[in-house]
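All chains should be built: construct the whole structure from the sequences, respecting the hints.
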Amino acid sequence: MKTIAVIPARMGSSRFPGKPIAQILGRSMIEHIYKRVAMSKSLDATYIATCDEEIRQVAENFGAPVIMTANTHERASDRVAEAVTHIPDAELIVMVQGDEPMTHPTMIDTAVAPFRNDPELGCVNLVRKIDHEADYHDFNTIKVVMNQHNNALYMSRRPIPSLAKTGFTDTAAYKQVCIIPFRRETLFQYTRLLPTPLEQLESIDMLRLLEHGLQVKMVPTEFNTQAVDTTADLLRVEKLMAADPLLARY
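In case it helps, our numbering puts the sequence shown at residues 39 to 288.
It should be emphasised that the hints constitute simulated quantities derived from the structure, not laboratory data.
If you're wondering where the values come from, they're calculated on a predicted model, not measured in any experiment.
All C-beta atoms, glycine included, are put in the ideal place defined by N, C-alpha and C.
Careful: at least some of the hints might be erroneous.
Pair ranges (Cβ atoms, derived) [unchecked claim]: (1) Glu98 - Gly64: 25 to 31 Å; (2) Glu223 - Ala202: 26 to 32 Å; (3) Phe177 - Gly56: 16 to 22 Å; (4) Gly101 - Pro152: 28 to 34 Å; (5) Phe177 - Met77: 29 to 35 Å; (6) Asn189 - Leu273: 33 to 39 Å.
If you want it as C-alpha cells, here you go:
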C-alpha cells in the first residue's frame, strides 16, 4: 500500500500570519516538519501542499517536492485532497499539519499501523492525554472525547469533558494531535461532503466526518508535541527543540 505524507501549509493564518516560514533554530518551521516527517519508515514519499509562492520557494530551496493548490480552501483536509489528485497511486495519505514542528517520525508509524489489520478503517487521528490544566482551557488545543472503542464522539476547542464534578487531576482529558491518515477513498469522500455546522463553528476538520456519521479512530501517542499557533508558542518550541536529539539527524 503506497503511503505518503502531505503537509498542508499557508501564509494566511489568522493567529500567526506567515508561520510556516517562521524561523526555529535557523530553519523554517516547514523545513523542520518536512525533514522529521520524511524520516518515517512507513512513508514512500512526503510532499508539501500550499497556495503560496513564498512557501513554495522556501520548500524547494531545502529540497521538498511541492504541489500548488487553490487559495480557496478553508480546511487543510480539502487542500490535501486536491494535492492528492496529482498523485494517482497514493493509497494511504497522512496529513501532518504545517504547525507541528516537533513531530517525531515514530508518530507517523503509530498512526498508519492500524490500517494494516483493518481494511474497513478509513481515518485515524492521533490523540494524547492532556498533562497541564492550562492546555485543557486553551482555545487552540482541540479536546477530544471518545467512546469505549476509541472512536471520536466529539472534538471542541472548549474544555470537554466537563470537570464540574471532578478536578483536572481526576479526569482523563485528551487532545487531538494533528497527524491524520486517510485511505484515499475516505479523503475524497471527505472533500465531497458538505461542510457541517459544527465543523464551521469549531473550525475543526474532523467534525465534518463525525457530523456525517463516519468514524474517526483515535490512536494514542506517547509523544507530547507542541503546535505553533502564536509567537509565544514559537519561543516555547524553540527552547524544547534545542534539546531534541532528533535535530542532529537533519
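_Distance restraint evaluation - Phe177, Met77, Cβ atoms, bounds 29 to 35 Å_ = holds, 31 Å
*Is the hinted range of 26 to 32 Å satisfied by the C-beta distance from Glu223 to Ala202?*
violated, 41 Å
*Determine whether the Cβ-Cβ distance between Glu98 and Gly64 falls within the hinted range of 25 to 31 Å.*
violated, 18 Å
*Cβ-Cβ distance between Asn189 and Leu273: within 33 to 39 Å?*
Between Asn189 and Leu273, where Cβ atoms are some 36 Å apart, the hint holds.
*So does Phe177 sit 16 to 22 Å from Gly56, Cβ to Cβ?*
holds, 21 Å
*Are Gly101 and Pro152 spaced within 28 to 34 Å by their CB atoms?*
holds, 31 Å
Hints 1, 2 from the earlier list are contradicted by this structure; the remaining hints agree with it.
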